[in-house]
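Peer 1: The primary structure of each chain is shown beneath.
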Amino acid sequence: MPTIRIDGVEYEMEAGKNLLESCLSLGLDLPYFCWHPAMGSVGACRQCAVVQYLTDEDEQSGRGRIVMGCMTPVTDGAIFSLDGDRAKGFRESVVESLMLNHPHDCPVCAEGGECHLQDMTVMVGHRDRVYRGQKNTHRNQYLGPLINHEMNRCITCYRCTRYYKDYAGGTDLAALASHDHVYFGRHQEGVLESEFAGNLVEVCPTGVFTDKTLVNDYTRKWDLQSAPSVCTGCAVGCNTVPGERYGRLKRVHNRFNAEVNGYFLCDRGRFGANFVNNDERLESPGLRNQTGSYDPVDHHHALQVMAEACSGARVAGIGSPRASVEANYLLRNLVGEDNFSPGFNDREHKLVNLALELQQASSAVTPDIRSIESADVILILGEDLTNTAPRLALALRQSVRNKAFEMAADLRLESWQDAAVRNLAQDQLSPLFIAATGSTRLADVAEENITLAPQNIARLGAAVAASISGHAGEDLEPEIAGHVEAISTALRAAKRPLIISGTSCGNAEVMQTAADVAEALCQSGQQTMLTLTVPEANSLGQAMLAGPDSPSLGKLAADGNFDVLVILENDLYHRAPEPEVERLLATADTVIVLDGLDNRTTSAASLVLPAASFAETEGTLVSLEGRAQRHYPVFAPKGERRPAWVWLLACSKELGLSTAADLHHFDDITRDCAANIADLAGITGAAPDHHFRNAGVKIPRQPHRYSGRTAMRADISVHEPKQPVDEESPLAFTMEGLNRSQPGSLLPFVWAPGWNSNQSLHRFQSEVGGPLRGGTAGMRLLGPGQAKESGPRENPPAFSPTQGQWQLVPRYRIFGSEELSALSLGVAELCEDGYIEIRADDALGLEVGEGDGLNLNDGLATLEVKINNSIAAGCIGYAAGHSGTANLTPGENISLQKAQGWKRRRPQLIGSDRSTEIGSGND
Amino acid sequence: MFKALMSQVRTIWTILQHSFTRAETVQYPEQKPYLAPRYRGRIVLTKDPDGEERCVACNLCAVACPVDCIALQQGVKEDGRWYPEFFRINFSRCIMCGMCEEACPTNAIQLTPDFEMCEYNRSSMVYEKEHLQIEGTGKYHDYNFYRVAGLAITGKDKGQAENEATPIDVKSLLP
Ligand code: SF4
Ligand code: SF4
Ligand code: SF4
Ligand code: SF4
Ligand code: FES
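Those sequence lines, one after another, are chains A and B. Residue numbering for the first sequence is 1 to 923, as defined by this note's numbering. Residue numbering for the second sequence is 1 to 175, as defined by this note's numbering.
There's no promise every hint is true.
Listed below are the simulated DSS-like cross-link pairs for lysine-lysine, each with C-alpha atoms no more than 25 angstroms apart in a straight line [to be verified]:
#, chain 1, residue 1, chain 2, residue 2
1, A, 403, A, 165
2, A, 722, A, 638
3, A, 135, B, 171
4, A, 638, A, 17
5, B, 77, B, 3
6, B, 156, A, 135
7, B, 139, B, 129
8, B, 47, B, 139
9, B, 77, A, 165
Hints in this document: simulated from the structure, not taken from any laboratory.
For reference, chain B alone in the conformation it holds in the complex (with noise of 0.2 angstroms):
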């Protein structure tokens, strides 16, 4: 009976004290409250540090998603390099779980901080490449598949990705 007393004393005593703690919450949308880098906000791919297009299209990002709002088609660049012909998130359905850049072996799909998405219009929501594509390498700033990739593109031949021995010649007798 006691304890069940002082519990909630300790209680008023706790919600008293935050009375002169400095306020959390802030006035939005006038005031912007900071977002880590890491925060799931939308959706964006990016590029590797060449410039390049990060996505190989390998449909990972796709199957993880648990709301199923990821699709695309892989299509096959004159360099040999795997691509979305289109890469497209249903932003309604979203979730930002983050699931998608978990899944993600290239680093290519990134959640950011930018969470302000509202539109009047449902089919707004849907964003096609040309919307998810940013310039830049988002997060993770060195990676670059292709560097590892066995696969050969044009510029980076069989032997020429990290940890590659030159290839080779089947015709060579020596050991």
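Only chain A is shown next, with the shape it has when bound in the complex (with noise of 0.2 angstroms):
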């Protein structure tokens, strides 16, 4: 370990690192804009320098030069200043020189309070504006109705670009024109179009970038109450921190979990929570009176309905993946096991129960996204990564540049060098193999590019398996033989090789392909990872309550003859066609459905439950990595809201259940799920339970400046009421308690003397970029399984397409495809309407266009059609999830027609797009 010595004392650092991180990592401040832990250093900014000595006499004499932090390696022996008034000076000076033209904003600016511009000028120490002349201004840009643009207030550190193009690899985003008229923005006004693009407002270190949900219905950092959350947007289960003041959810920001997000979220992540505030939201228990309409009941009486109904009867019970493995585990109880159904359709419940069995079977590790992003060789089987597991697409973008690490790694070029390290690999990237249904988000890395339709996706990975293990396979297709020997090739050179496949193409033979792939490098002696992605927040914990034998929606249609039906935050007319889910709902005499929002199942309901949301309960999920995470109530439910765990508990309580009996808090409930369920014996480690404290007190989730606690309310009576006591959790609601060193899965915010911005997160980890100091959130229920020994699989048939039908293959989009985050305010501007994807010399067979209207298989659906030419063939594409879609099944074989009568949309008008042309001045 080196040994250097900053201002005489002497420190011993960890090599390979630089300086500036090195420093921050010893908790001294140093000032820094462009350099940023996930994307290592630039030095464009010259805002982290130090003076540098190259003997003691030089130190004496004060004969040192000045260098900046983040580019310079610590070395043994190195002799630093940081304090002198050299080095003082210049970091000041560079401040004083960045504000010449900042604008007198700070009042009006979203990132006050939480800027780190504000931390660093204030850390210099620079005050007063000595230069008399005019500022530059910039005319901001339209950018969607997600970010909001304010471009005077840049400070041109690259940050937003590096971040932006070289990270995430959008490629809409530039530094446009030279010198100081410097500008970030696009070519022109428009959408931005990465999925990634929200992080822009957490990287960027000014308040360039911001959340124009916020923006629009603003409140300070300071002021938020906020909780550990978990992103129930996908299955990936990033790490949040919503953000709550005045009982409305006002922003989502990433939460740092080393090996689930990192710092980074995705779109659907970040912008797709505010359903919370949806006016469609339940207020009140609901009867269905004699005219079919709601009469609101208080919660006393509506549990005496629903114990009523439910004492003596047949009760069955639809879980949900969307809600939380204790809520599920209570219905469950409370219908009893065979009674049971975790919620999925059909297909989902065989194809989530596939992916749990091969991965619990599968000698291949499941790896977390730091193994994810060391992958060098990845084949990804029949998923668009970037619209099913967003983040994992993100990281796989870091993983392609492992060749260019490897090649900096030769020159012995350590890897922050960012600029260095891109420069020298130029556009060469690891190897990527995609072979999905039509063109995916991430084609512009990977090395081939396949379309297939899904059963011959299987019948290529079912070769390249067979390739490795040196099976001779039979003969192929020549759009499939073509790629065989590149993939296998690569994958037998790999030093760790990652498989990834999923549920979202529909096609279990995919899947399955894809272990058997994994399987035969293991065999070979490969080092190999395996990701199945999985629909939802919950749906893996949801196969491992229930397990495969469970009714799925049909078979509980099917089988049906129940007095009462309990539905737990499921609309069972999203996930399955209308038929099923009338026959299901029509083989019982009462339904009582629990669930947030208005839906056309809540509707269909005689008694309707207001369940609290994910920002307002407690619960955990099983992410795809089979990672128990717990979320916490950012704030408490409003008026007879409750957590459906609460409800389910006090009616099983009512109905005086033995299971019941000893269930008092919430952690019961987690510590009697794990002691009877074997899959999920490991859930109690996802976090503390509710004695926990941190150094003796509680872990605060309101900041120590939350202000206005003797006004907020005082409209309603100045007699102010205590805070909300939370008996559930280690977590208070008030700012009293200790936001310090507590595990990481009770992190609420950041925050650090000096260190208002996000930035402050550096004082909560174990060194600069490391897992945080209280230790990693959540728990890993899956760990290597035992493969069991099976010889060459059959070769799964072949896809043929008959004339004049094409099969149906799910297409998804960030956003749209997934229910909730759909009904947030700004995604909702940006989804579409259903739509199906058909190849242009389809579309001329059916004589339609691009905007069309077709019917499917004579009325099962009527869609707008688009043409998509990278559809495979015999295949069309159709928007999973979507309005209009829930009949439509993966893998059915459908005519089609032209819609008669069809109205062409007009062109789609964005609300937010208003006002705001360039030379308008408004923004």
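Since each chain sits alone in its own frame, please combine them into the complex, following the hints.
Peer 2: Spelled out as structure tokens, the structure:
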């Protein structure tokens, strides 16, 4: 370990790091702008200047030279000065020059109070603007409904373009113009294309890029009440910090988890949680009356009605992969194991259970995100990852750079030398092979993009597996055969191969063969990783809870003769074909629905109970890598809303169920579930229980500067009520307590003295960029499994298109394919109505063009046509999860007719486009 | 001993002298004392010289308030200005310390020489924006935040604030 001297004090440093990150890890304050722990150094801003001395005499006589901390490797015996007048003076003058053109905006800037520029300005001690010249100004751009642009505030640190282009692979944000005219924006106004654009809000150290929803309903960071939470947008389970004020969810920020999401979220996660504020949220329990409308009742009455209906009756329960393990577990106990459906539709049921089974049985490891980023050869079978598990796609964009890091290592170039490493590698990437039903959003970094029908993707997978394990493959179609050699050669040569597949293409064989490829690699002694994606935040948890033998929705409808059907947070009309749902609902006399938002299923119920959203309740979710993670209420639910587990526990107690007798707290349910469900035995390890205290006190949800406590509710009453008491967790709804050194699962916000922005995170990490001090959040439930012996598998049958029939393949969109995020402000503007994607030659044959309507199977659905030539021949894509597509099943063969009387939609107008044109000067 | 005695005598002499000076105490409420404009009494929200709401809902007063008796919510007007959708001061908590006025970057919030705020009902001490907002500029007559700030609003485009150059044309090749 090199020893260096800083201002006369000797420190032992880790080799291979730069001085800036080493100083921050030591807790020393060294200002910076352009360096980012996930993106390395370029030395652009000159803010991290220190003085370096060559010899002791130089230090005594003060003859040193100014170097940039972020570009200086720590070498044994080096002597630096951080606090010397020259270093300090230099750093102050850098901020002074950055401030020459800075607008007088802090009071009306959404970054204020968590602005890295403010922090650094105070840190270097710059106060007065001496320069009397005019300030440069810029016009802003409209960048879509999610991100606000205020270019005057830019300090040209280049973090945004380095993140957007280099890190996230975006193409539509760039540094324009030159010298002091430099401008960061698009070539013309328009919605930012990248699915990860939202991270600009946190990456930009100033208020240039801010969260537009927040800007329009703004609250300062110090006024936000927040709690550790988990994104419910997809199964990746990114860790988040949602912030609340006045009962409204204001924004979502990233919560660092070294193994799940690192520093970044996708835009579905960041902007898709606003449905919590939706007007369609249910306020109070409702009892259907004679006329079919709902009478509001209070929770006592509602519970009595529910208990009366359930007592002595044959009750079936439908759980939900978007509800917590605990709520589902209680429902399962309430209705009995045999009558509990995890709430999957038939295909999902099969696929999710298979995904779980394959991972449990595979000798390959299910990687966390750091391992994914270390992969050197990747094969994706059937997934458009950017739209189905977005954060993983961002990780893959880093994995393909391993080639660059290898080349750098050969030249003994540090990996944090970002510009140098990129220059060295140019566009050389580690191999990524994608076989999918159409083009994917990772196509630009893939070595080969292969478009095939799902059956043929499976055949490709099987051939690769056979080739790796040396079995002779059978004769393959030329479109497949041409790729097998390249893929298997690359995989065999890989040090850390990664195979990715999942449920999204709707084909079990595809997943199966992906697991076979991974197994074949393991057999040949390679350290292999296997990731299988599943659809929703708790899909895997549901499979673990209910198992493959539990009834799917279709099975329940077929068996069903129930008196009562209890449906937990599951809009069946969104999930399964309409006739099946009608049949299912008709099996029971009484339908009781617990959900947060009004939807078609709640409208079919006789009793509706308003459930708290993810932001108002605790719960455990199991992510696609089998990580159990706990989320906590950010604020107490309003009025008669209750967490689903509270409703179900109260009902179980009302019914006098013995299984519920010993359950009092949320933790009791978690423990009970862990004790009774073998696969979920680890969930108690997801987070400490409610007895945990941090150095004897609770952990505050509010920052210590939280304002307005004696006025917030004064319009209702001047008698200030006690803050709500949280008896279910170690967190408190107050500003009292200690937010330091606690376990990672309990980190509600980051703040440190002098560091108001999210850059304060390094004070919570064991070292800069490393895991949180209190340990990484979550508990892995999947270990590497033991493969069952199996000979070479039969090759799956090839896809043979029938004349006049097309095979349906689901296509996903980050905005629109997920049900709840699509109801969020901003995101809703970017969601489209359902559509189908069809090849131009097929469209020509059907005499339709872009924007026309197509009838599927004589009335199964009527959808708008989009031309997409990348769709595999013989297939048509449909926008999964979008309106009008619930009746469609992946893999189904359907006929198409031009829809008569179809009205073309007008060109889509986006609400927030209204006044913003170049030159109008509005923002 | 002698020193202590003298001190006593001097004190008594001083007190005696006061018997002949003008009384500071006034017969309030019949007689009103003079209160300087900077006296710290009832709080108002002022308008800028152009008659627009000065408060930009920056929340600095609220966070500066030691008793946390200010609560507000920001909103954005059609013309691009930030403004408080609601602004509430709970005067039954306010200690008239003036920290909010110190913190305010726009001179919007000001304390006035009115201290007569007795109420029988504590809830009448809760002032909403309509009770706080006055028409004038208060003590500071000239300041208009938006003339200085870089944020563009209707009627003040980019480059039109004080000390601002005209917006840069990104597409120009001129130096
Ligand atoms: S970017 Fe920071 S310093 Fe600049 S106006 Fe916004 S809050 Fe103030
Ligand atoms: S927009 Fe933000 S991130 Fe980009 S250069 Fe300017 S200050 Fe840096
Ligand atoms: S990748 Fe998934 S879990 Fe992560 S932020 Fe996006 S939607 Fe949420
Ligand atoms: S400090 Fe001034 S401008 Fe800011 S919220 Fe308070 S009154 Fe309004
Ligand atoms: S952080 Fe080192 S030069 Fe910018």
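Peer 1: Quickly compare the C-alpha distance for residue 77(B) and residue 3(B) to 25 angstroms and report which way the hint goes.
Peer 2: Violated. Residue 77(B) to residue 3(B) sits at ~72 angstroms, over the 25 angstroms cutoff.
Peer 1: Is it true that the CA of residue 403(A) sits at most 25 angstroms from the CA of residue 165(A)?
Peer 2: holds, 18 angstroms
Peer 1: Taken at face value, is the distance from the CA of residue 165(A) to the CA of residue 77(B) at most 25 angstroms?
Peer 2: Cα-Cα ~34 angstroms, so violated.
Peer 1: Do the alpha carbons of residue 139(B) and residue 129(B) lie within 25 angstroms of each other, as the hint requires?
Peer 2: Holds, because 19 angstroms separates the two Cα atoms, which is no more than 25 angstroms.
Peer 1: Could you grab the alpha-carbon distance between residue 47(B) and residue 139(B) and see if it respects the 25 angstroms cut-off?
Peer 2: Since the Cα atoms of residue 47(B) and residue 139(B) sit roughly 11 angstroms apart, the hinted pair holds (cutoff 25 angstroms).
Peer 1: Just to be careful, I want the Cα atoms of residue 135(A) and residue 171(B) compared with a cutoff of 25 angstroms; is the pair within it?
Peer 2: holds, 19 angstroms
Peer 1: Within a Cα-Cα threshold of 25 angstroms, do residue 722(A) and residue 638(A) meet the stated pairing?
Peer 2: holds, 16 angstroms
Peer 1: Mind checking the alpha carbons of residue 638(A) and residue 17(A) for me, to see if they're no more than 25 angstroms apart?
Peer 2: This hinted pair is violated, its Cα atoms lying about 49 angstroms apart.
Peer 1: Please verify whether residue 156(B) and residue 135(A) have alpha carbons no more than 25 angstroms apart.
Peer 2: holds, 15 angstroms
Hint compliance for this structure: hints 4, 5 and 9 are broken, all remaining hints hold.
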